[in-house]
Amino acid sequence: MKLRGILGLGLALGLAPGSGWADEALAAATPGLAPDSFAIQAIAAPDLQVTRPGSLKEASAAMGAFVKGGKLAPGLAVEVTPWDVYFDGVTYSEYVARPGMRRLVNLALSFATVGGADAEQVRSAVAARLVLWDDSDWRLNDAAIACVRTALPERPRTPDAPFGDTLTVWPELNAEQAKAVRRCRTDNTRWNASQAAFGAALTLSTPGGTLQDTRPDGTAGWFSIAAPLGRSFQLLASARYSFRKSVAGEPRKQVAGAGARLTFHQQRVVLSFDAGAGAQRLDDEWTGRGLLGMSMQVLVWGSTWIDVGGAQDLIFKSGADQKLTVTANLRWNHDIASGLR
Amino acid sequence: MPDKLSLPDESGPYDATLSIGRFPFDWELWDYAPAAGGWAKTRLASGSNAARVRLPNAGKADLVGHALMWAVTLVNLDERARTTEIAVALIKDGKPPSELKLVFEAVPERPYLFVTVEVAA
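Heads up: the sequence lines are chains V and Y, in that order. Under my numbering, the letters of the first sequence match residues 889 to 1229, in that order. Under my numbering, the letters of the second sequence match residues 3 to 123, in that order.
For the record, the hints were derived by calculation from the structure and aren't laboratory data. Hints are supplied without guarantee of correctness; some may be wrong.
Pairs of lysine-lysine, DSSO-like flavour, derived with a Cα cap of 30 Å [stated by the list, open to error]:
| hint | chain 1 | residue 1 | chain 2 | residue 2 |
| --- | --- | --- | --- | --- |
| 1 | Y | Lys6 | V | Lys945 |
| 2 | Y | Lys62 | Y | Lys94 |
| 3 | Y | Lys43 | Y | Lys103 |
| 4 | V | Lys945 | Y | Lys103 |
| 5 | Y | Lys94 | Y | Lys6 |
| 6 | Y | Lys97 | Y | Lys6 |
Construct the complete structure from the given sequences, taking the supplied hints into account.
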């Protein structure tokens, strides 16, 4: 996981959208890869800390935390992959040879809850994210694997007498050797590798957290596809949809959007151009959002980047004036974890 | 002492297998036979990824008391630790295999594994 220190300076011109002005439509218009933990997106709680259990026992404990005092607890998220909880049965050769098995073990199942005080309803989502293909998977990359075999120092000689333990893991790589191994992944994986993924979620409402009152209240979907264009460009496109029926006095809501991002990357410069459109329908009231954006990142030194960006956000709302928001950002971004490795 | 793995039948030939989750790996299989004052070690085979090795010892009496050791180099470029299963088996065609399973945390910084079993009756 990357730890990042970010210093941000933002400048907004024009009229910022009000809180009721369909930020979800703008999110749907923004291009992005379908995320692992789709459940937190489906209930619009992307800041939730996601627990990722590494075994069946841990998965069981993580799921148990969702029920407190017989009620559904809000503010929790868990993501499980069959890979982590059911790790036997599939060998590397089978993983490479069987795309269907690969998709299954990489399936990300997530569950998340959000809500307020006891009397309020808890919203939850159960979701799945299926990777259709991913050319950045190192297990399918013969060059990366060959690179590791070359980068690793020779294995120690076998001892004259067998080890006393069934499993001996020894010796560890030093920091420099580990860095050389990690570089095999970055050096041999195309930054603009082709990938596609699909996420689907069912959302639920639980009034007062009372489990037996839980009812489905909506659905959500997210499809994304990314493809290289030569060595320096990548085209990413995504489409999102969500629906929530009228619950507890809140209006029925539908949100849909699609966006595309063209990214150029060469040496120290990354340029991205975004375009997208989204719409939200609350009962019979429509709001549309149009997005045009551009950002440039420049690697200054080491793992320190300067990030300059700008976006035009067009708002079309039935019975209201059109609004245009122009934002520009200047950001300094240093990857602390990479510096420490 | 390493775990014991019993032979699946009274008579050979026997095969030995090793698999390590969904990781590519290189291995050597060594046979340690008790000898006066220590052990006599013989390299039986080497290769990559899960494979089946025919043991040269003819029967039970030739193998019991030996130790089999796989010296492994794991190729691992995962960004996070993976709980991974190691499965070792002694196989005789037509008989249920004798199998041992272990679990460990695979991280790129620890690529060298030695998996040792003592062959039992």
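Going through the hints against the structure:
| no. | hint | in the structure |
| --- | --- | --- |
| 1 | Y:Lys6 with V:Lys945 | holds (27 Å) |
| 2 | Y:Lys62 with Y:Lys94 | holds (12 Å) |
| 3 | Y:Lys43 with Y:Lys103 | holds (24 Å) |
| 4 | V:Lys945 with Y:Lys103 | holds (17 Å) |
| 5 | Y:Lys94 with Y:Lys6 | holds (17 Å) |
| 6 | Y:Lys97 with Y:Lys6 | holds (18 Å) |
The structure agrees with every numbered hint stated previously.
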